[in-house]
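Trainee: Chain by chain, the residues:
2 protein chains.
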Amino acid sequence: MSNTNDKTGVVAISADQGRIDYAAERARAQFDVEEMRAFLLGGPDRAAKMALAYRIIERDPILSFQLEGGHPFDLTRPELRAKTMAQLRRVVEVRRAFKDKELDDLFLTAMCELSESFSMRLFVTEALFVRSFRLFGTRAQQAEWVPKILAWDSIGCFAMTELGHSSNLRGIETTATYDAANRDFIIDTPSLMATKIWIGMAGETATHTACLARLLVRGQDCGLHWFVVPLRDPETGRLMPGVTAGDVGAKAGRNGLDNGWIQFTHVRVPRDAMLARWAHVAADGTFHAGLNPEDADPANNVSPAAAAGLAYAGLIPERLEITRGIPMMLNQALTIAVRYAAGRRQGPAGNPQVLDYPSIQAALMPALARMHAVMAAAGAVWTTWHAMEEGGPNVLLQGLPDMHALSAGIKATVTWDGADILERCRRAMGGHAYSRYNAIADYIGDYGVMTTGGGDNAVLVQQTARYVLAMARKAMADPAKFAAAVAPTDSVAYLPSAVALAAEGTPPAVSDWTSLAQLHVVLQWLAVAKVQALGMSLAAAPKGGMTRAWNAAHADISAVAQLHTHQYLARAIRIRAGDLPPTTRDSAASPAALQPTFMHLARLYLLDVLRQFARDLLLHGWAREAVEQLDAEFADACATVRDQAMPLVDAFGHPDWILQAPLARADGDGYRAYLATIQNAPNCFGPPKYWDAEVRPLTAPAGRSRL
Amino acid sequence: MSNTNDKTGVVAISADQGRIDYAAERARAQFDVEEMRAFLLGGPDRAAKMALAYRIIERDPILSFQLEGGHPFDLTRPELRAKTMAQLRRVVEVRRAFKDKELDDLFLTAMCELSESFSMRLFVTEALFVRSFRLFGTRAQQAEWVPKILAWDSIGCFAMTELGHSSNLRGIETTATYDAANRDFIIDTPSLMATKIWIGMAGETATHTACLARLLVRGQDCGLHWFVVPLRDPETGRLMPGVTAGDVGAKAGRNGLDNGWIQFTHVRVPRDAMLARWAHVAADGTFHAGLNPEDADPANNVSPAAAAGLAYAGLIPERLEITRGIPMMLNQALTIAVRYAAGRRQGPAGNPQVLDYPSIQAALMPALARMHAVMAAAGAVWTTWHAMEEGGPNVLLQGLPDMHALSAGIKATVTWDGADILERCRRAMGGHAYSRYNAIADYIGDYGVMTTGGGDNAVLVQQTARYVLAMARKAMADPAKFAAAVAPTDSVAYLPSAVALAAEGTPPAVSDWTSLAQLHVVLQWLAVAKVQALGMSLAAAPKGGMTRAWNAAHADISAVAQLHTHQYLARAIRIRAGDLPPTTRDSAASPAALQPTFMHLARLYLLDVLRQFARDLLLHGWAREAVEQLDAEFADACATVRDQAMPLVDAFGHPDWILQAPLARADGDGYRAYLATIQNAPNCFGPPKYWDAEVRPLTAPAGRSRL
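Same order as they appear, the protein sequences are chains H and Y.
To convert, note that position 230 of the first sequence is 230 in the UniProt record's numbering; the numbers rise steadily by one, no gaps.
To convert, note that position 385 of the second sequence is 385 in the UniProt record's numbering; the numbers rise steadily by one, no gaps.
Keep in mind that the hints were calculated from the coordinates and are not lab data.
Remember, it's a predicted structure, so these values are computed and weren't measured experimentally.
Please note: incorrect hints may appear among the correct ones.
In this list, chains with the same sequence are indistinguishable; a pair is considered to hold if it fits within one copy or across any two.
[As the list claims (entries may be wrong)] With a Cα cut of at most 16 Å, we get these calculated EDC-like pairs of lysine to aspartate or glutamate: (1) K689 to D478; (2) K689 to D512; (3) K689 to E235; (4) K689 to E79; (5) K148 to E34; (6) K481 to D45; (7) K474 to D402; (8) K474 to D490; (9) K101 to D356; (10) K481 to E235.
The shape of chain H in the complex, shown without the other chains (with noise of 0.2 Å):
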């Protein structure tokens, strides 16, 4: 519907071209959209029951935004907030109701892809916090706690982070003291920079936090240990004495969620205050580390110092939510961003959609890629850390390394692209990315605390690419010794094999481009080629130069944790695509149907990240002609890909109203929607307020109307 206008000749979009395009690109579906839904929320049960979550939702007008008239980003903070609070408040009064623990979590998992400030406050009660009861905590205090955080009768906090101490655990200055005459803790901030700090919910809301202190016992430091500590009165808000806690106040992003600080004066806390699983002082003021006697279990019983490692076992979730929580979020601005593009003309030759243009092509479509390569591989994270969890003491620790390691690859690596790919998204908007209405810029301005919080990704980095030092040492030392040792979903199984091609001397050669199999190859090659270099550039660190070598190979160290997280996450898209089978500790391969779509998704994948690396490639040894040959192969797979977008974002199957981004409307009729929230915006036509104090004086000083 495009037309010539008459008196001016020049060729003009209408706004109902939008339709068009999108049943265009629909009918380009090569797999069906409902199948590849069912498929990616674990089967059409699960979709149905995800369907209702949202019926609930949009129908009801305190969780949902639209029926209150739709303009969420107009709201100030304290609007927000009490729009966040209601709606959980009324997520606990809907639960109650249900009778199926599914569709439970997907409600959850609906009101968290509509809300991040709602996901975050939720998170932290309900994660965080009951995590610290169920994993630091007695079975006698699980049993106290869990049932009444649960029933939000308890809003609880988790207070680690200290103003001084941001990713550094070991400067926690937080004590909390025995007082053995009184059989009490005295939880105490002895500072300014131990002032608690960024706590989620501790702002505003949290009747109690756990807190990780320093305990003192008889004048000695027995380690970091958690207390339940009440902030509020649970009746009227009111700070507890000696508790001194405030909102954070601005910030760049959830502000529905309030974040707080606390410091602590002398507070009182009963001895039961302590979460004693791993380490309890008697009432006599004796401490003692190791598994509580309460908590025995001679089949699972460890060491003090295991029990310490089992102490920031508690990290790890949260470092695995990003396998749910980045595709929840990202997968709707590329939903955004590629509806946009489809329905976008623009250009001299002829306004093609810009999804046409190659150069929005490899911005976006790698994006999907890399989103299902995330997607499938949560599915083997979150199996392996429940079995871990579900085994015992032992079996957590044995697991331990390695999924400490690549949870915190998965971490880094995984915001890192993500924070790209939100920024991919707004450039591939134009100026329209700039109306908070498109929804964006509100996912940029969330955003920005992922790759800095839950543990800074540059730290992280680190403890991936020690680990996967230390194990290529390993595998190097004695290959046949440590493959015999390793489960083939260890994140380092693939050492034994890429350290033998390493070995080989030439760089592994792509003979087939469409081969998953001789790109992840490559892949592997090149992440032990890093760690080798790396290795090499420590090892000539001269005597007592360690530390300083360390940080000087901060990029190869970035690069050696990225290469191995990608080839982790490879082998699961890889197993979706039908490439490899699954072991009971994978995601799932997807059903035949749909088996060539990920196929498609999946090389582009390991393109991409190639690609990514190239430099490195060609530092070690790669041809430049099989890079410049890279190069004409994602190009491909990006057109390949771009004939599926539009399919493959309506298979995300976030309704409207859920994105918020009237431009992305599904029925194509983006402009007018946009237009018609934006005049919907408070007093959009004016005359403003400030008009007569600020305006007339200069533009009309001797009172001159020209109407």
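Based on these hints, arrange chain Y on the given structure of chain H.
Mentor: Below, chain Y without anything else, positioned relative to chain H:
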């Protein structure tokens, strides 16, 4: 002042440590900070005037933020709008008393440093709106309008972009139809997609707009021209009849600026509303292309075709503003990030300053160098542009192709780099950048528009690359003729020598890594190598496939434009370093005492840019060992600049009340200031207003109090 806690053994960092660390940083200065400051501002006189300008603003409760409570980041959108307009009105009042043009300029610069929203409001009227008269208006129109705009008697905006046509002026649909019977034009918006949108100041305040429309005379399309159209009654702010205009609402940033949208419905404007310098419509309805006889000047006459070209010259200054606007914002962000990194101590090995980590140095130091290169180039491009404007139409026309391509390349390259640098600043501050009180978050929000607005970067790099490609062909065809025809300050002046170098077949080796000349030659060689590769890939396009081949070459096009731009910027910073003699159209050399510092910055700049294109260096035959050496030299250059980082940001001279980032207080007492800012935020200590409605029903349904 780190001290070991007696009880815990924890090495705690005192909040007083910042003062000590800042003093130590400043003691490292190898140049005089005041001398650098004066040089960057254009001399000691100008530095003194800037200090006065700061004093005027700091003490004025309307202009500044801090006197009214110091919480600008907590203002709502309506409050920000009113504040920004109040600042504008106050600025008009203050300037009436000025007798000094330099003070006036510096005063505006200082205000623009303080507020991006203010800056854009000022820019829209005093730059865009005024410039449309200066470029497209007759002398009579200029004489009538420019004084009253500069007095803010009329508030003007610049209505170019339409909803359906962002970067493609050929698609503009708004019409201006000449009605000979009534001797006026009828301005009309024919469709939804022709709605003018994103127009700064059109949302609430503009009384007039310059409107780009397609001129229709006697049924003939006479091309695009500019018309002055009243929008609002200057007395009441009511919309003029036929004008439908409103605010675009919530945006990612710049919420003190009222971006708007406009639809015209049969709006009549008089014949002299057409800006008629380059074409006009006689009263009888005859369209005349070419210089208006009213402006006749035989020496400066231009052809109608040339006049059409000049109509687009209006976009160039907006692009060149980037060379001032980006450092204005990013130098502040870098000041904040560098001071944070100097005052933050963190890490297992003795809590070093974060600034001592090579990863942080690699993020922030090249950013300082890039901003100095941009500032150096600002002098050159503006000198050249002013000479072109003052030389009359023929001089302007002669210089247009080079300036057009260069300005497009600068806009794209510098704004892409700026987005990257802002994200690095954010990440260097860890979680604390997520607080809006540390300013970076708002810079990122404000910045969102830079890469897509004022010409989408993806389009601009094509303009630059197309020009460089054409010029390289000429330089290859007849190097001597080409060299004789270009001025030494033309952006393409390097082509003959670089083409000759490329013809030798061996990539230029670097024998002295401290030689700016050698590094610059590599950059120029790579630019030509990429241009030639681009030309070859286009030459291989099948018949009729040129558009397709061009679009497919997007990555090379982008690289060519960026390399071309960087080699121009490199010349400017080499001149500052005393490494090249300046011509009359270059930036000035710096005082001898500053040249060693500029040498370090210029070296780091060149190394950083080459490193950015390491993949291309390798693909075009650079040795692997050279790239490895490049990495080592880069790390070394970062460490060298790191020692001067604090003096360098001090020399930007931004007072604390401009930076508005308590953690980056100049005196090093950031943590106390940060916490005090948080504690002074509205309703920090709660309980929140929604407690009784939304929290208490969960936590105290039966009315339990824990107090």
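Trainee: Tell me, which hint numbers fail for this structure?
Mentor: 1, 2, 5, 6, 9, 10
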